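The primary structure of each chain is shown beneath.
There are 2 protein chains.
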Amino acid sequence: MAKAPVLTPRADDFPRWYQDLINKAELADNGPVRGTMVIRPYGYGLWERMQAEMDTRIKETGTQNAYFPLLIPQSYFVKEADHVEGFAPELAVVTHGGGKELEEPAVVRPTSEMIINDYFAKWVQSYRDLPLLINQWANVVRWELRPRLFLRTTEFLWQEGHTAHATYEDARDFAAHIHRKVYEDFMVNVLAMDVVPGRKTVKERFAGAINTLTLEGMMGDGKALQLATSHELGQNFAKAFNTQYLSKEGKQELVWQTSWGSTTRMIGALVMTHGDDNGLRVPPRLAQIQVVVLAIKGDDAVLAKVRELGDRLKAAGIRVQVDDRTDVPFGRRAVDWELKGVPVRIEIGPRDLENGTAMVARRIPGGKEPVGIESLVELLPGILEDDQALLLKQSRERRESRTAEVSTVEEAVEAAASGWARIPWAALGASGEARLAEQSVTVRCLVAEDGSVPDDEDAPGNVAIVARAY
Amino acid sequence: MAKAPVLTPRADDFPRWYQDLINKAELADNGPVRGTMVIRPYGYGLWERMQAEMDTRIKETGTQNAYFPLLIPQSYFVKEADHVEGFAPELAVVTHGGGKELEEPAVVRPTSEMIINDYFAKWVQSYRDLPLLINQWANVVRWELRPRLFLRTTEFLWQEGHTAHATYEDARDFAAHIHRKVYEDFMVNVLAMDVVPGRKTVKERFAGAINTLTLEGMMGDGKALQLATSHELGQNFAKAFNTQYLSKEGKQELVWQTSWGSTTRMIGALVMTHGDDNGLRVPPRLAQIQVVVLAIKGDDAVLAKVRELGDRLKAAGIRVQVDDRTDVPFGRRAVDWELKGVPVRIEIGPRDLENGTAMVARRIPGGKEPVGIESLVELLPGILEDDQALLLKQSRERRESRTAEVSTVEEAVEAAASGWARIPWAALGASGEARLAEQSVTVRCLVAEDGSVPDDEDAPGNVAIVARAY
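Going down the list, the sequences are from chains A and B. Residue 283 in my numbering is what sits at position 272 of the first sequence, and the numbering runs on without skipping anything. Residue 260 in my numbering is what sits at position 249 of the second sequence, and the numbering runs on without skipping anything.
What the hints contain is simulated information worked out from the structure, not anything from laboratory work. Do not take every clue at face value.
Treat identical chains as interchangeable: a pair holds within one or across any two.
With a straight-line cut-off of 20 Å between C-alpha atoms, the simulated EDC-like cross-links for lysine to aspartate or glutamate are [claimed, not checked]:
no., residue 1, residue 2
1, K250, D181
2, K234, D310
3, K133, D347
4, K308, E260
5, K250, E380
6, K379, E96
7, K234, D287
8, K133, D31
9, K325, D181
10, K259, E114
11, K111, E96
12, K379, D461
13, K404, E96
14, K325, E71
15, K70, D338
16, K35, D310
17, K234, E349
18, K70, E59
All values reported here derive from a predicted model rather than from experimental measurement.
One chain only, chain A, in its complex shape:
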């Protein structure tokens, strides 16, 4: 008799599988205000690990964390015209405070360029104050009409970096550094996602930017998800806020700026990249629980062994949890850890103790085999690294097998039904991009022939990556 599936199978209904997984793995719930979300402890634990890994990389660039207010006077939202136009439809507005109507309504930040630049203009005086490198971890609100947990929520959590530089080149190089050495490095080496770094077309640029760099990932259904962006802002905001510095040569000059962000959307990406019909699969380097040690029965010797093994694994630097809740049926706990995607389960019962072995279940390749208990401490680090590498390999193979080389708009639309298309930008251009949009297909990014990120939208050999996207 076939077991009833725990989740709606991906092949049957991918969006429903996604909702099922988020619900059953206890990652998040819908909030009461439309589009908001409650991030449950297991989901938030993923975010905390993402924050820790990202924060280290961000600080290594010399960037410091700070915190700017949630509420921004509505009048600020007229300063940079493109930026304002981009965000106006999404704003949440506070009109009453302390029981009274406010003289000036306040916008709940949708992003912080408008308020941070106000302070940059005060803090930057001389070339000695540059580069000014600031990041904040914060919540933002963008009114969302078609919400989906983690992917598009009215409130989300993110980091937003904001920097000011003396020259165009410094700003450009910094935006590129964040793009590749912070974001891409984190996504490839921690999230095990085979992301594609590229530049956005003019149409897809951030409101107020002169260039937007992006990382695009292919999800399990072949659609694309934009994972993080890094923007060159040129002098657009510097002009709007009159942010000037006294150069070494004694001249007043406008600064050059960048901004860059990554969000809780990465949790949704994790689910849709590595999840399977049994649940999530968390890359070992990210996992807050890398190994769970389960007592099959509430036998004293078994409980003593799982606790002792837990202590030894912890001492060896492995992030481990002991599951000794033997009042909950073993099968239910095993399914739950599988749903949550913990990379390795070590299961120990009375018979295992007699044999000196434990059943080791590997979530990522799948499968289960007995292993000598005494050899676990030595074996596990290698298993975790192998499984980390396997996830990245599977992600790469999916992208490669589901990406088609095409040369016409029609072929691109067809390919986008099940994956990505690569098409020469010279053959597509802005007019082809507009025709794709009629079919809900977008240019995710432009890449150079050799896979690098083009310095120029119209460089010969540029290839457009085309897909349907979340």
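Got chain A; can you put chain B on it based on the hints?
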């Protein structure tokens, strides 16, 4: 000729000294919406260290972090009557979202009992789900008419813990554990503040609580500051949200709850407890920069030495920063590090190199003396621990010397002009408390005769700590 003071002296004008210090040490700026604040990188660094130390202690209790939405439907704010009455005057309300007036306005959370309990009611089913121990790090908004940076701001950052338990005793013990083993331990052993743990009177309780536990600190001007609170909520919210569990005996029972919070106000407390006329003094265990190594001149040998010494100190586990900005005058940099309160400055110039010594300036006791460079790595950990202990001792001595034992309301008011008063609660009572309030003096907390926290407001021997407060 006397040097012009860097800050307004404390004795001249304490509030202005506080503002001066926050400004010149670059801790924070006022935000554009009244009462909001920008936490600058050096100030935010203090908060990050507080978060790290607190988060570890919170997780050791078995509490898990999660995240609940910023926006709460206005209709939720009718569920627990006392709670609602307490917060109604401070609410910020979003009435427009996505360019339209909302059908139901949303409140920007002033605290999260109202939304978290909605989910607790769903998540708690059986005794097996208890205790449910949740914490979140978040921003909250309470409209503030008399704002002061860090102490009272319209938006502030905090952690808020929310827990549900099977029995009254479990909830009571957990609230007490957070009070003493998390908050007090952190404040005494990291912030070096000699705080007094006690319980609030009925008048001073949190809106909706059956008991509020508090930690009160004496500031440099003798006033009191409430530093963190831990509340027993009884079954008030359980009744409002109908949060029930199936007991082992198969009966439906209401849960017992706690909530507890600590905020960016602790940064203001740090300033007012340890600051002096030259600036802040940061306790070494908190400091994100424990030691700064300054190159006096841009001499090659000097620069090489400060960098090498910085590397060695870092390798020894000391949080160190190298200041080799020799294009900024040395005196200005020294004053700046003094303002910022970095515990130890190591100053090295060409003459020091010849002697094999460095000038070591200790911010906490004050004073400066030459020390052999080679012995620094060995000496510094002891110096930092001594200075940590000295700050706590100074904080205790101030409280002891400025606290008077009194027996009448009049004496209590007189003592509160420059410090604290201790008065038997039996002699004061609710009527005496009301008379104190007419003089802007409040009962900060009740303590038992032996210094412990009373289980009962009216236990014989209870002493009221009475003061003016921030």
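Inset, instruction - Have a look at K133 and D347 and pick one of within, between, both or neither, based on CA distance no larger than 20 Å. - result: Intra 53 Å, inter 19 Å, cutoff 20 Å: inter-copy only.
Inset, instruction - Please work out whether the CA atoms of K250 and E380 approach to 20 Å or closer within one copy, between two copies, in both situations, or in neither? - result: neither (64 Å within a copy, 50 Å between copies)
Legend entry - Intra- versus inter-subunit Cα pairing at 20 Å for K379 with D461: Classified as neither; 41 Å inside a copy, 60 Å across copies.
Legend entry - Homomeric proximity label, K379 with E96: Cα distance no greater than 20 Å: neither (55 Å within a copy, 58 Å between copies)
Inset, instruction - Could you place K35 and D310 in one of the four classes (within, between, both, neither) given a Cα distance threshold of 20 Å? - result: So K35 and D310 fail the 20 Å test inside a copy (29 Å) and across (63 Å) alike.
Inset, instruction - Could you place K325 and E71 in one of the four classes (within, between, both, neither) given a Cα distance threshold of 20 Å? - result: between (28 Å within a copy, 15 Å between copies)
Legend entry - Status of D31 relative to K133 across identical chains (alpha carbons, at most 20 Å): For K133 and D31, only the inter-copy Cα distance (17 Å) is at most 20 Å; the intra-copy one is 49 Å.
Inset, instruction - Classify it for me, K111 with E96: is the Cα-Cα distance of at most 20 Å met within a copy, between copies, both or neither? - result: between (29 Å within a copy, 16 Å between copies)
Legend entry - Same-copy or cross-copy closeness of K234 to D310 [CA-CA at most 20 Å]: Neither. Shortest intra-copy (48 Å) and inter-copy (58 Å) distances fail the 20 Å Cα cut-off.
Legend entry - K234 and D287: within-copy, between-copy, both or neither at 20 Å Cα: within (16 Å within a copy, 60 Å between copies)
Inset, instruction - First find the shortest C-alpha distance between K308 and E260 inside one copy, then the shortest across copies, and answer within, between, both or neither for a cut-off of 20 Å. - result: neither (77 Å within a copy, 23 Å between copies)
Legend entry - Homo-oligomer pair classification [E349, K234; C-alpha up to 20 Å]: Answer is neither: 25 Å inside a copy and 55 Å across each miss the 20 Å cutoff.
In this structure, the hints that do not hold are numbers 2, 4, 5, 6, 9, 10, 12, 13, 15, 16 and 17, in rising order.
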